[in-house]
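Visitor: Here's the letter readout for the chains.
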Amino acid sequence: RKEVEQDPGPFNVPEGATVAFNCTYSNSASQSFFWYRQDCRKEPKLLMSVYSSGNEDGRFTAQLNRASQYISLLIRDSKLSDSATYLCVVNTDKLIFGTGTRLQVFP
Amino acid sequence: GAGVSQTPSNKVTEKGKYVELRCDPISGHTALYWYRQSLGQGPEFLIYFQGTGAADDSGLPNDRFFAVRPEGSVSTLKIQRTERGDSAMYLCASSSSSAETQYFGPGTRLLVL
Chain A
909 RKEVEQDPGP
919 FNVPEGATVA
929 FNCTYSNSAS
939 QSFFWYRQDC
949 RKEPKLLMSV
959 YSSGNEDGRF
969 TAQLNRASQY
979 ISLLIRDSKL
989 SDSATYLCVV
999 NTDKLIFGTG
1009 TRLQVFP
Chain B
668 GAGVSQTPSN
678 KVTEKGKYVE
688 LRCDPISGHT
698 ALYWYRQSLG
708 QGPEFLIYFQ
718 GTGAADDSGL
728 PNDRFFAVRP
738 EGSVSTLKIQ
748 RTERGDSAMY
758 LCASSSSSAE
768 TQYFGPGTRL
778 LVL
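Order-wise, the sequence lines are chains A and B.
Using our numbering, the letters of the first sequence correspond one by one to residues 909 to 1015.
Using our numbering, the letters of the second sequence correspond one by one to residues 668 to 780.
Hints should not be assumed to be uniformly reliable.
Said to hold, decoys possible - Heads up, simulated DMTMM-like pairs for lysine to aspartate or glutamate below, C-alpha to C-alpha not over 25 Å straight-line:
(1) A:950 to B:711
(2) B:682 to B:753
(3) B:745 to A:1001
(4) A:953 to B:750
(5) A:950 to B:767
(6) A:1002 to B:738
No lab work stands behind these hints: they were computed from the structure.
The following block holds chain B by itself, in its conformation from the complex (with noise of 0.2 Å):
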């Protein structure tokens, strides 16, 4: 069956400018993670949706950035302002329940210039 998908695979910026990254997850799966992965280093959690609810989001830097599921299924990565620092691979995960094994999407890579 399809994985996880997200779109854009790639997406280049300017500085100040404001993006959506969205994440697919497998159909049914109720838990949806979002990391970011910048080079040389592991991923890093942002946040966890479980359903519709963000039930994790301590992993948020600041609060430009934000994400949604509004119907439970697809999410969106939203960043304001964008800054260099923000260039990274942004990953989307998904699980049938929270203790399942996360299974990865192929990522966006975002660079901003």
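With the rest of the complex left out, here is chain A (with noise of 0.2 Å):
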């Protein structure tokens, strides 16, 4: 089992919409949760860390359950400018990438 499980997508909506990234981990000792946000052929970004009591930037919403071990970002109104991977990071003594869910925004 990977330490780190995203859907891989695509998921390809239009622009205005609502969308759910989901993220499950295995290591529950893991200390701290981010989202990244990869464009095509470029490195990652930082979007946003992940705290239990959840977290808001502007449209983007991170959610971590530690119990469940689950971590989730929701995007809204959705730009075609949001179209990338958004990759779920853990880190336990080092950051653990999943494989990223790519998104695709269309008009």
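Mind assembling these two chains? They're in different frames, but the hints should get you there.
Guide: The following block contains the structure:
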């Protein structure tokens, strides 16, 4: 079983849609959690950290459920520029990346 | 300020050759990481430096892979006797400490023919 599992997608959604990505992790000792965004042929960039209390940054909301070892990312009012791969990342003593979920927003 | 830089951006080599990939971290960042990303996969951890020393090299796949950071700044990832399976994007990241956000460089695309 992979340490961090994500649905690879692709998720194809129209502009303005709400889309949710989920991720599960296997190591209950994981200390911190992140979502990274990666554009095609580019490096990953930190989108947001994820906290148990849930956190929001504009159109993006992240949630962590430690009991279920589950992380989510919600994107509201999708824009064309949101098209990218979203990587779920868990920090044990090193960053462990999921395979990423590809999002394609169409006009 | 300047971000993490990596050179070369692309490297094509033949099976069996030796390659060196360079990473210049953000100035003042003591922690430096190397990752490898294959197509359709997320980055996989290779090695982590804190200062000049390799604090964790558990991700290096075999003894053909080696990395150094002699002065605690620039790091070089060295691959001996390259194999076609080594073809991937090699990413470097740095952070101000091991607990802080990692910032990635643009990567080196390695193709072994």
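Visitor: All hints are to be evaluated individually against the structure, with a verdict given for each.
Guide: These are the hints, each one checked on the structure:
1. A:950 to B:711: Holds, because 16 Å separates the two Cα atoms, which is no more than 25 Å.
2. B:682 to B:753: It holds: about 9 Å lies between the C-alpha atoms, which stays within 25 Å.
3. B:745 to A:1001: 24 Å, holds
4. A:953 to B:750: 29 Å, violated
5. A:950 to B:767: 21 Å, holds
6. A:1002 to B:738: This hinted pair holds, its Cα atoms lying about 23 Å apart.
Violated hint: 4 only; the structure is consistent with all others.
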